[in-house]
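Asker: Respectively, the protein sequence lines represent chains G and C. Everything in the first sequence is counted per the numbering used here, starting at 3 for the first residue and increasing by one. Everything in the second sequence is counted per the numbering used here, starting at 3 for the first residue and increasing by one.
Derived from the structure by calculation, the hints contain no laboratory data. It is possible that part of the hints are untrue.
Just so you know, same-sequence chains aren't split out, so a pair can sit in one copy or run between any two.
[Stated by the list, open to error] Pairs of lysine-lysine residues, derived as BS3-like cross-links and limited to a Cα-Cα distance of at most 27 Å, are as follows:
1) 32 x 80
2) 56 x 32
3) 80 x 31
4) 56 x 6
5) 32 x 6
2 protein chains.
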Amino acid sequence: MTTKATFFHAGCPVCVAAERSVAEALDPKKYDVEIVHLGNQGGRIAEAETAGVKSVPALVIAGHAFHINHGADLAALK
Amino acid sequence: MTTKATFFHAGCPVCVAAERSVAEALDPKKYDVEIVHLGNQGGRIAEAETAGVKSVPALVIAGHAFHINHGADLAALK
C-alpha cells in the first residue's frame, strides 16, 4: 500500500529544482506522488492551505506539510 | 548506482518529523542516504555549510541543499 504525497509548486526555478531532486526521489513503492502546479490549478490552493502549506515548493506527505526551500508564498498565487 | 544524499539535522522535533517523512522516504534504489546529527557531529558543520546548508533540517542531494521547514539556524549549532 502506498502513502499519498502531493508536491505543490508554481513552476518557479526553486520549485523545479525541488521537484527533480526531492519529489521525484521518493520511493515509488511507498509513495504515490502527485505533482500539482498551483499557478495552473488555482482551485487546489485551498487544499494546500488546509494541509498547512504556506509557500511553494512544498511536499505534503500523509497530511503533513514540508516546505522545501522557498519559491513563493501561497498568498502570491491567489 | 546510487546518488549520495545527506540529511543534516540537530535532533529537534521539526528535524525528526522531516527525517521520518522525507529522508526515509527517498528511493533506496536510487539514493544512499546518510543521516548526520550536527549537534553530535559538530565536525561536519563545515561540510554542511559548503553544500549551502543554512538551517536544519536540510537534505543535500547530489551537492544541492534543500531546506525542509525550519528547526534551527546552522549558526546556532556552533
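Asker: If a hint holds in the structure, say so; if it doesn't, say that too.
Answerer: For each hint, the structure was consulted:
In this assembly of identical chains, residue 32 and residue 80 lie within 27 Å of each other by CA distance neither inside one copy nor across copies; the values are 32 Å within and 36 Å between. For the homomeric pair residue 56 and residue 32, the shortest alpha-carbon distance inside one copy (25 Å) is at most 27 Å, but the shortest distance between copies (30 Å) is not. For the identical chains of this complex, residue 80 and residue 31 are neighbours neither inside a copy (34 Å) nor across copies (38 Å), given an alpha-carbon limit of 27 Å. Only within a single protomer do residue 56 and residue 6 lie at most 27 Å apart by alpha-carbon distance; the minimum there is 19 Å, versus 29 Å between protomers.
Taking CA atoms no more than 27 Å apart as the test, residue 32 paired with residue 6 passes in both settings, with 9 Å inside one copy and 20 Å between copies.
When each numbered hint is compared with the structure, violations occur for hints 1, 3.
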